[in-house]
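J.: Here are the chains, one letter per residue:
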Amino acid sequence: MIEVVDLRKRYRSAAAVNGLSFRVADGRITGFLGPNGAGKTTTLRILLGLVHATSGRATIDGRTYRELADPIRHVGAVLEASDYHPKRSGRSHLRALCTAAGLPWTRADELLQFVGMESAGRRAVGGYSLGMRQRLSVAAALLGDPQLLVLDEPANGLDPEGIRWLRDLLRAFAAGGKTVFISSHVLAEIEQMADEVVIIHRGRLVAHENVGELRTRTVGATRVRSPDAARLGAALAGEGIEASVDGDRLSTAAAAARVGEVAAANGIVLHELTAEAPSLEEAFLELTAGETAL
Amino acid sequence: MNRLLRAELVKLRTVRSLLWVTLAMVALVGISVISVVASAGSIESAADDRSVARISAIAVVFALMLGIIVMGAEGTYGTITQTFLVAPLRERVLAAKAIVAAVVGVALAVVAEALTVVVARPGVSLNLHNSRYVLIGVFIASAAAGALGVGLGAIYHRQGPAIITAFVWLLIVENVLSIGLRNGVKYLPAHVFAASVAGTRGSTESDLLGAWPGAAGAVLYAVGFLALGAALLSRRDV
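Residue numbers (this note's numbering), protein chains in the order written: chain A, 1 to 294; chain B, 1 to 238.
One-sided and incomplete, this derived list gives chain B residues near chain A with beta-carbon spacing under 7 Å:
1) 3
2) 4
3) 6
4) 11
5) 14
6) 78
7) 85
8) 86
9) 87
10) 88
11) 237
12) 238
These aren't lab readings, by the way, just hints derived from the structure by calculation. Predicted model, so just to flag it, every value in this text is computed and none were measured. No residue lacks a Cβ here, since even glycine has one placed at the ideal position from N, Cα and C.
Between the sequences and the hints, there should be enough to build the whole structure, so can you do that?
T.: As structure tokens, then:
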């Protein structure tokens, strides 16, 4: 289990992480969301022992990363895809990691095959695309057959096929009872695979909930197309319902049934009445209002 | 520790830095010793023997560069992140790199000395007995320079600035300091390393320590740079 308790990190005058606390349960996929600069990467790097916390603690199964014996057998991490020597081959990179971890070199070849890079693995990493580097990062993370995967924006640089590959891989990983903690700005991806999400904003916890529960907390939208949209807007306002009108289109947070009733009562013709379910993105934007840049 | 040592050797073997450094050193030593053989008739004194043998001390500078690359390249290319994910105890990583750099430094010294002896012995009748302390000193100084380079690489966390600093110090700073320090100049790092490969006892008039105090000083400098590098590395966010 990942446990973060009152974690703080200051860079000179700026607080990157500011009293953050949460727990990530075993055997689940947990998304880690927040706008740019929210403190996601800093938190993950503190968890992995790469960045020193100003105060507080971040532990894995009750121990800091430095305290783990043979850490890559417990935790696999996918961080920046640029962290490679450009003249070293992907295969040699994995072999060096295998040697340091006491794993046989055959493990490197197995993982290269697993991520679909058995031939590219012999080439220097400097010639790899960003997507290939991400695959290599995933291979490196899986070398020790860990119980926990920590991923920081792993979909960066992956094409749609690569994103699907990653999603299937993480699902299969979690299906084996293992834990995935993944930060991403691709909310649709997180929505499709995560069981729960931790949302942070300005270094603080904003929400930590099951994805489904988070959606229900968010109001959906009703969209209407009508040749009489302006009159419908006025009729809704008369009922105390706020709506925005743009030409023949109207949108409101009110339920579609209620909008339909008001339109019928006023004899207003509707060409379209659509109830849109709340999405994780809407929930995210509501929770981090004012900091929408992802 | 054994795993980390082997991993560092794998890293060295799988890029060409070691090859280029070795080739550059061989070229420089080769040109230097051939020039001496071509211009001199034969060696006439023990001092001449030591002077020719000191050509192999070029290995010390290349060992320093290689030590910097062993540590600094990890920061330059960001591979230190994955290194610390596998081995989060940073002091152990630094120690492994220092040992490997010291061993490679000795290997460079072996190559430089072998080349010097192979060319100079028949060419100018180099006397190995007279130059033995120089050759031993080059071994020690190359090992110390390799380890010192790792410390310097850890201090800077980048290979480029560390290499530039080393050369600016060797070529400019220490010469400028020597004007003001007079007798104290013999304790500056480049002079200490020079003393370790001089193969002489040193004297009160000389601006160098004796060979053994020089060798001890070179090792102390290496330990000092490694200690400072370890202190900074353990606190650094990567």
